[in-house]
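Chemist: Given next are the chains, with one letter for each unit.
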Amino acid sequence: MRDLLQKRPLLWCCVAMLEQLDLLNHELAGPFWQAAAENRLAICTCTHCGKDIWYPKAKCTTCNRETSWRDLGGQARLLSWTVVERALNPHFAVPYIPAIVEPVDAPGVQLVTWISPEFRRELVCDMVLQVTFDVIRTVDGNEYKAPQFVPAR
Amino acid sequence: MTRKSLSYLSKAAGTHDWGQAAELADISGEVSIVGVGETAFTGASNRDNKTMALEAIEAALKDAGIAPHEVDGLMVSFGIAKQLEPQDYRDHFGTTQDIWFSDQGGAMIWAATCAHDAAMAIKAREASVIVNVFAVDWATARQNGSASPGDWHASEPLKSALEMPYGWYPQPLYFATFMRRHMHEFGTTEEQLAAIPITFRQHARTHPGATLRERALPMVAYLEQPMIADPFRVADCCLISDGAAAFVMTSTPRARDCARPPVVVAGVGRGVIEGAPYISQQKQLTATPQTFSAPWAYAMADITSKDIDVIGVYDCFSGTALMQIEDMAFCEKGAGGEYVAGGNLHFERTRLEGGIPCNTHGGLLSHAYVLGISHVVELVRQLRGEAANQVLGAEVAAYAGFTAEEASTLVLRCDA
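Chains A and B supply the protein sequences, listed in that same order.
So for the first sequence, our numbering puts the first residue at 1; every next one is plus one.
So for the second sequence, our numbering puts the first residue at 1; every next one is plus one.
It should be emphasised that the hints constitute simulated quantities derived from the structure, not laboratory data.
Values in this document were obtained by computation on a predicted structure and should not be read as measured data.
Note that the Cβ used here is the ideal one computed from N, Cα and C, for glycine as well.
Please note that a few of the clues may not be correct.
Said to hold, decoys possible - Which chain B residues stay away from chain A? Per the calculated CB distances, all over 12 Å, these:
#: 1; residue: Asn-46
#: 2; residue: Asp-88
#: 3; residue: Cys-258
#: 4; residue: Leu-285
Claimed, not checked - Computed footprint of chain A on chain B; a stretch qualifies when at least three of its residues, placed anywhere within it, have a C-beta under 8 Å from a C-beta of chain A:
#: 5; stretch: 47-55
#: 6; stretch: 220-230
I would like the entire structure built from these sequences, with the hints used as guidance.
Modeler: Structure follows, in structure tokens:
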């Protein structure tokens with residue numbers, strides 16, 4: 001880690017290390033990762049008043065009743081993205097493309113996600129993307145199946 | 001003087017579906033800034049945070065003509081670096097006074113909102129002379145590998161569970177993503193965006209305190225820089241610095257007895273997005289919470305953007321400065337690229353010529369990354385007529401503070 005920093009001392013190098021974080025059993029986001037493990041894209045919602053609750057909360061922000069989760073179809077609109085070219089944090093090989101997408105069947109919900117760099121020349125704001133599921137490795141070394149997106153064909 | 005009601009100010013700020021203004025009471029004219037002080041700004045210097053803070057305070061008190069024992073209020077930042085405490089102040093100056101203390105001061109949005117809190121404290125007779133100070137040693141910390149501005153992400157449960165696995169940190173990525181959307185919606189170009197770092201660098205070149213004063217930044221050199229996170233290059237991202245700044249506030253009547261002409265706090269605003277603290281959940285990707293903050297401060301100060309002569313805008317990234325300039329109503333939403341590329345931020349392009357001189361010290365991009373408190377110091381110097389890059393006839397100034405999910409606005413004016 002120190003070596004990496006010394007090679008790239010420029011700016012904003014993020015030296016934060018996550019403590020071991022069990023995403024599947026995460027208090028609020030666990031169901032997102034459990035669904036992903038089964039190739040499903042799911043978000044937190046209130047079945048009582050029909051409101052999607054994102055980011056997830058234990059109680060509905062409108063009716064204060066307990067929330068649950070619902071599966072989405074997997075298509076989403078690309079709101080925006082960036083191609084990270086400089087290793088601002090040493091845990092991710094560059095280039096990589098984090099993005100914000102809005103599921104077509106959950107208007108107003110914004111998911112932070114990932115697009116493979118092989119598609120970088122094809123990306124345009126508002127294009128429709130399709131979810132895929134691939135393994136990611138988090139900074140603490142654990143591997144999870146994660147929703148990611150590719151241009152819809 | 002008739003005070004404006006919260007409902008009047010709220011109406012001026014308007015209603016929005018993606019955020020709102022905080023209800024700050026009208027304190028227009030009640031307090032003034034009477035002294036400013038700074039340390040040298042540098043890269044890694046191994047200077048101690050508290051030592052730098054005390055050095056800045058000494059300079060500010062000397063500037064104000066106020067003795068250390070007269071200070072009875074201290075405002076610092078919570079949670080950002082190691083800040084001064086009242087006992088540090090007493091130990092250093094050898095004084096024994098009681099000190100009213102608030103950790104809702106410092107830099108970023110608090111370099112503006114501290115003036116509101118100071119006015120309330122002075123009105124409640126909790127304090128009479130209040131120092132706001134901020135010190136940062138992130139250049140040294142980065143060299144040592146011990147801390148960085150991105151560290152807090154890992155401590156936030158939903159960022160660490162839903163954003164960090166995708167590498168959506170640290171901060172440059174947020175605003176690169178937002179700037180990409182601005183380019184898509186409004187046709188903003190890389191060359192237009194470049195006008196922000198280039199103009200601020202021009203200011204830094206003739207400002208004695210700016211850390212990058214020796215380095216020119218022509219357009220061709222800007223465009224040759226590789227991308228960090230597109231569309232941001234190195235020059236679009238703030239410095240990492242060591243240094244401190246402080247300013248002294250007191251009631252405006254008392255301010256008139258100080259060594260320097262008072263700079264009056266005319267208006268303060270604060271805005272926050274829905275979904276805070278998660279900027280990934282901001283529903284308007286091409287704007288900032290300055291949208292809610294600026295109109296509140298303008299209404300309190302009884303001005304519009306057309307009355308403002310010089311601004312200091314929190315420029316952690318070129319794109320956040322661009323969007324805040326739009327949100328402060330210096331041009332139409334989306335027209336910011338064309339506006340800044342037209343040379344309108346340069347200190348010689350005055351309001352009367354359609355400009356709005358911005359970050360005349362070089363900003364976070366070229367002066368130093370002390371998180372905005374030096375923007376306020378620079379505006380005070382502008383209104384006193386003693387700035388290095390002096391804006392002719394500057395009488396009204398505005399600082400735009402920013403954290404990401406929150407923004408603030410501080411309107412300052414010369415004493416009538």
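Chemist: Now look at each hint and say whether the structure bears it out.
Modeler: Results for each hint:
1. Asn-46: Fine: 16 Å to the nearest Cβ keeps Asn-46 of chain B off the interface.
2. Asp-88: Holds, because the least Cβ-Cβ distance between Asp-88 of chain B and chain A comes to about 27 Å, which exceeds 12 Å.
3. Cys-258: holds (39 Å)
4. Leu-285: violated (6 Å)
5. 47-55: Answer violated; 0 residues pass the 8 Å Cβ test.
6. 220-230: holds (count 5)
Against the hints set out earlier in the document, violations occur for numbers 4, 5.
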